[in-house]
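Colleague: Residue numbers (the working numbering), protein chains in the order written: chain A, 2 to 85; chain B, 2 to 85; chain C, -19 to 350; chain D, -19 to 350; chain E, 589 to 937; chain F, 589 to 937.
To be clear, the hints were calculated from the coordinates, so they are not data collected in a lab. On a predicted model such as this, the values are computed, not experimentally measured, just so you know. C-beta atoms are modelled at their ideal positions from N, C-alpha and C, and glycine is treated no differently. Check each hint, because a few of them may be wrong.
[Claimed, not checked] Stretch by stretch, here's where chain B covers chain C in the computed footprint (C-beta under 8 Å, at least three residues):
#, region
1, -2 to 5
2, 99 to 110
3, 123 to 130
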Amino acid sequence: MCLAIPAEIVSVNEAADTAIVALGPVRKEISIALIENAKPGEFVLVHVGYALHKVSPDEAARTLAMMREAGLDAEFAEFGEAAR
Amino acid sequence: MCLAIPAEIVSVNEAADTAIVALGPVRKEISIALIENAKPGEFVLVHVGYALHKVSPDEAARTLAMMREAGLDAEFAEFGEAAR
Amino acid sequence: MKFVDEFRDQALAMGLAAAIAREAVPARRYSIMEFCGGHTHAIFRYGVHDLMPENVGFVHGPGCPVCVLPIGRIDNALELAEEHGVILCSYGDMLRVPASKRRSLLKAKAEGADVRMVYSVDDALRIARGNPSREVVFFAIGFETTTPPTAVALRTAKAEGLKNFSVFCNHVLTPAALNHLLTAAGLDVDAFIGPSHVSSVIGSRPYEYFTETFHRPVVIAGFEPLDVMQAALMAIRQLNEGRAEVENQYIRVVTRDGNRKARTIVDEVFERREGFEWRGLGAVPDSALRIRDSYAAFDAEKRFSIVTRSAPDAKSCECAEILRGAKKPVDCKLFGKGCTPDSPVGSCMVSSEGACAAYWTYGRFRQEAA
Amino acid sequence: MKFVDEFRDQALAMGLAAAIAREAVPARRYSIMEFCGGHTHAIFRYGVHDLMPENVGFVHGPGCPVCVLPIGRIDNALELAEEHGVILCSYGDMLRVPASKRRSLLKAKAEGADVRMVYSVDDALRIARGNPSREVVFFAIGFETTTPPTAVALRTAKAEGLKNFSVFCNHVLTPAALNHLLTAAGLDVDAFIGPSHVSSVIGSRPYEYFTETFHRPVVIAGFEPLDVMQAALMAIRQLNEGRAEVENQYIRVVTRDGNRKARTIVDEVFERREGFEWRGLGAVPDSALRIRDSYAAFDAEKRFSIVTRSAPDAKSCECAEILRGAKKPVDCKLFGKGCTPDSPVGSCMVSSEGACAAYWTYGRFRQEAA
Amino acid sequence: MSVIEARFGARDAKLSGAVEMIHGAGGRATAELIRTLFRRHLDNPLLAQGNDQAAFAVEAGRMVMTTDAHVIAPLFFPGGDIGSLAVHGTINDVAMAGARPLYLSAAFVLEEGFPLADLDRIVASMAAASRAAGVPIVTGDTKVVEKGKGDGVFITTTGIGVVPEGVEISGDRARPGDVVLLSGSIGDHGIAVLSKRENLTFETEILSDSAALHTLVAEMVAAVPGIRVLRDPTRGGLGATLNEIAQQSRVGIRLEEAAIPIKPDVSAACELLGLDPLYIANEGKLIAIAPPDKAQLLLAAMRAHPLARDAAIIGEATQDPHAFVQMRTRFGGNRMVDWLAGDPLPRIC
Amino acid sequence: MSVIEARFGARDAKLSGAVEMIHGAGGRATAELIRTLFRRHLDNPLLAQGNDQAAFAVEAGRMVMTTDAHVIAPLFFPGGDIGSLAVHGTINDVAMAGARPLYLSAAFVLEEGFPLADLDRIVASMAAASRAAGVPIVTGDTKVVEKGKGDGVFITTTGIGVVPEGVEISGDRARPGDVVLLSGSIGDHGIAVLSKRENLTFETEILSDSAALHTLVAEMVAAVPGIRVLRDPTRGGLGATLNEIAQQSRVGIRLEEAAIPIKPDVSAACELLGLDPLYIANEGKLIAIAPPDKAQLLLAAMRAHPLARDAAIIGEATQDPHAFVQMRTRFGGNRMVDWLAGDPLPRIC
Ligand code: SF4
Ligand code: SF4
Ligand SMILES: [Mg+2]
Ligand SMILES: [Mg+2]
Ligand SMILES: [Mg+2]
Ligand SMILES: [Mg+2]
Ligand SMILES: [Mg+2]
Ligand SMILES: [Mg+2]
Ligand SMILES: [Mg+2]
Ligand SMILES: [Mg+2]
Ligand SMILES: [Mg+2]
Ligand SMILES: [Mg+2]
């Protein structure tokens, strides 16, 4: 029930406060009553038919970069240890 | 819908104004709200779950006798004609 | 079955057949109208035709409660079931009768309306008690035989204070119909076989007016095939003798006064309508009953503000003619073509007491052989 | 799927696994409670265990809305469906949770109650609009994630003047539960992985109180397996460094203040209950929401005069212990014997976010192999 | 004790519950329902294999296949239930080709909420009927539909069998002059079922005639391999079945009402309800049509079997371009026996 | 024009109506429904005989029989309908024994009020599926239940077929070390059906994979007669089907998640609904288990067939007293693939 999934806004129906979002090839109508200024191309976190929050591509990239870094650090360390 | 059938009263439930009737080996509960003094052994005409009227065994016998007589008359007549 | 099997006896039938053959004067035609569909059914189901001489013919009358109900009233029943969402309880044959726009209660049921077939008005009461949150309407049809049970049920409902039960009353009166037939022009009928079960309630007395006024014999007869044959013989004798009396063949059940208790109960609950439309006969004065004001709370017509619109019968359907004895089923060009019991166009093809249905179901071979 | 597949990447997982293995000090044990069932589910479904060193263990927390709802409230829902005959709309897992007397909403449905699974509260609104003659109750459960949609629906219902819609409110609050866990005696947990979606609404700020008061690290983390691993790494680092801060792994969605608009809508519709019973935790002060008086017309508790009786959990079920991190599913003697997802005894075996269900469905082989 | 046994092993636990949607989901609950209820009762090596199909050896020859869905209400009636009916009905349709039934399949559509105890009783009854007949149920299927989308249980059985060499029985083989035989009294099944309908209220001691007729057929075929037509007058009764045959063979049929066996209970119930016994369903009776010179031989073979003690010659096939079924009434007149019109008795089989 | 034609002959007249109780009464209306709708579409000489069973010649050998009830909702879905599904499903269960399907039977339970036009469309679709597969429907049955006692139409199909000499395929024949193959992407059928459920609102272009697999099986069996197990992962999906096989054969199964083909639509819809694609029904896929030395040969044979272009080796059977199905996740961890618990997706087939 705590299922929530990032999806891309395809179009916005301002009158109804709804949007069509795309999750890969699948589309779904959701409510955007809980967020502000939703625009096509933006990503939102969809939960029980509602957008709960926008998803920041920059922060996502930053998170992935940190993960990559942690892995590289570990590799270096191991390499270092092996070299020691 | 104008189906009605003579059945024999088997037992009477005075409180409920109903009776169990027998049609050959089949039994059925009917209303006797429309007739008076129904007694086990008597025959009634059953229609849409109600006894409409009692059936008189004497008159039934008389009717059958008249039918038989009409037939005999015809036979006699034929015989008579043939003999003529 | 006692009082049943005896009246279907083949030996007695042969005797009666011989008597009729002997007494029917060859030179003349005897046209006998059996008023009731019950007689029609017996004639066809047992093959009574095969035991009658050529010159004695049966004409089928309007005595089929399903057949005579006009389309507008079935439309009302549909309205109750579909628009008012009631549980509509009805005797079986009524379900298949075509209403306006090729609709029927059966089709409404198939589409989700809550239409239930009952064997007795008491079943409708039971359904009402078991579904207190639903409106339950009993679609009451029939002559003087089904009327007393409906009256009892209404008294019960009132006594119990049942809040969700009402009756859509379509009870009609036999004598009024007979009167209408006899006063109409061109009725080619020599004598009548009168109702059996109706007469068990109303007695034979109401027919005395007709024999006196219209000078045609009326023989009240049971619904078993021997009853019909004996009644035919009695009618032929009257005609031969130039008499026109009410005779009672069905003495085992019918008396001159009928069932006084039943009549009293009916009078308490119902009163005459000024006029009522009959299929075939049109508007017939004083020919039907309505629920009295003292039972107004149980009158579905009032509770649901029912307005009956006159709706035309199906095109080419000759039910109207058939019901007043002017035509026979085979005279209808739809008979067996567009209209069969599986897919009836008119009401006479629906009820097992309808002339077209009886003719099609039991007697069709006669036509094909001819 | 963007922002999904990247966070399930095997290469990154290996890297994080190596980092954790390197940074987790072999001499010490790291006991990390993932507050949310969403984390629990991810850990088991993706086999995160297999990538963690022996001395880093996950303890499953109470963050499963289905699991924490006490039996008395499910009994109330049954009462609404069965006694009040409403159309009861609920999120899926709730249907199978055992209530008193071995009943469940699913069993009630099988016996004819009108219980419907919905994916969104908007479906319940639609059902209400489509069934104006029926009462429709939305059985609202969940933490701060499902609460804003329920609030929107209540505003919509009020604006539309929907007469037959109401909400049976069981929304609960994460910080109160965390507080309760931390103040209780004997919690053997070194750090917390904090809620992801809840925090998207409430932000990270509410956790600051806990790190300050109880000196245990809280890392807010997404529900993808890499998120959980990265959060574990961040918690290990804090523990190694002797820090106890609120850190945010889920920066792509969570901010310090969360979703202000959503919070405002929630505040308009709901207010705090003084206390609410949680399965496992008992009565927790200020831990749940109720519908404000201005929306009283849409409050099923008022409309149907619901009284909640405290009902005991199933005998021998250790859900209560499990929900506060005191026991693991395998410590329950019913686990996999009397209790399986097909035939659950306790709520933790029902929800896919329940620890017992996750352990049984995805992780059973670990036990058998051991 | 495995988890599975913990849930299903104890008879009481299982029988106290009801069908849930999960029983139809194809998961463990489905598998366990099959194992602990269906396989337990229907126990045979082919079914026990647990495949989605049964495999068996057959010999070369003519084979028949038949299927019937059973939707009877009520599910339990005097003299049987939907389970025994589903077994008998399909065995009979195999037998009506003169064939020896080999195997049956059974597919169940269960309504959510249906008591497992009732299902257990029904499957036990199927097992007993199948064992008594010597025709095993070798494969099956179970689906569950939501409450209100079904009616307790529907059972579709399919049967296969082998036709003995030289036998060629088919509904289109009746010829004018052939004799029509009936194996016993009509209407017993339908009236027994109707007597238990909620909205009908009459009492009778009549039992359904539901029975497997294949051993009777085997003896009939042995005595008169040249039987032209066999058919069980089920739905629609004698009337509909004879009309079917008349149309298929393009012959008329002429019946003698007085020759048709009928029990007093059935007559009386029909009078009461306004029904014609000719249209009431039978589940343990057959109609045979044979050349006139073999009629007495066939009648004797029938009467020698316990399921056809009251067998009778009830009429003959005639030349008739209309393929009418006609009947000389007991009363001495003639009538048609048309197809059933309307449907006063739904869900009789 | 006969009466019958007057009523049913005109296509328009027939298709505008709805199923009525009388269509199930066994009288003229039943006969005409069969003649003008079922027989018209399913047209074949065996069915045309109009008997209550079909008769045909068979050769000596091993035969299989299988049955499936179909209760899918909605009745029409992208890529098929209940009619084609009922044909494919049963052909496939015959084929999963390595057998060549011969004949089908079909039994219908119709709900009063069901549009005849929909029935017509469904039966036409069955006819097309049966013709395309070369497996005729030779006998059938139709029952009608009252409105609210059914759900439009349920169809039970039963199939028989013959097993080629030397082939012995059964769910209990998997051995540790055997290789598990899958003929293509999973979940297409279930997601296509779900996408049309009223209470779910998502859009996808995914089509059901519903297809008859017997020609694929014929080529597989020709290439590797020693295939141990074949099964179509229908209800309960890959997960339930592999658990069934594991239990029957008493082996473990170890899967490689990365090897399992799955379409983006299916992945996305599953994420959206919180479903696991391993448990979503397929209607045109098969699992094969074969000895390791034949795996590549079998894979090549599969990939050469249009219905298994994406065939893949997805795992292997292992020694495991618990008969667990386990999977190495794409992520690098391990999980069990248990039976489906709960039933988020009823009425998928
Ligand atoms: S045959 Fe049909 S259409 Fe003609 S009169 Fe009779 S009921 Fe009317
Ligand atoms: S295994 Fe079942 S009974 Fe035991 S704690 Fe978990 S849910 Fe409760
Ligand atoms: Mg059959
Ligand atoms: Mg049959
Ligand atoms: Mg048959
Ligand atoms: Mg199956
Ligand atoms: Mg039901
Ligand atoms: Mg099968
Ligand atoms: Mg199958
Ligand atoms: Mg299969
Ligand atoms: Mg059949
Ligand atoms: Mg329905």
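Colleague: Taking 8 Å as the C-beta cutoff, is the stated coverage of the region 123 to 130 of chain C by chain B satisfied by three or more residues?
Modeller: Since three or more residues must qualify, the claim that chain B covers the region 123 to 130 of chain C holds, with 5 doing so at under 8 Å.
Colleague: Report holds or violated for chain B covering the region 99 to 110 of chain C, Cβ cut-off 8 Å, minimum 3 residues.
Modeller: This one holds; 5 residues, not fewer than the three required, reach chain B with a Cβ under 8 Å.
Colleague: Are at least 3 residues of the region -2 to 5 of chain C within less than 8 Å of chain B when you compare beta carbons?
Modeller: Holds, because 4 residues of the region -2 to 5 of chain C bring their Cβ atoms closer than 8 Å to Cβ atoms of chain B.
Of the numbered hints stated above, none is contradicted by the structure.
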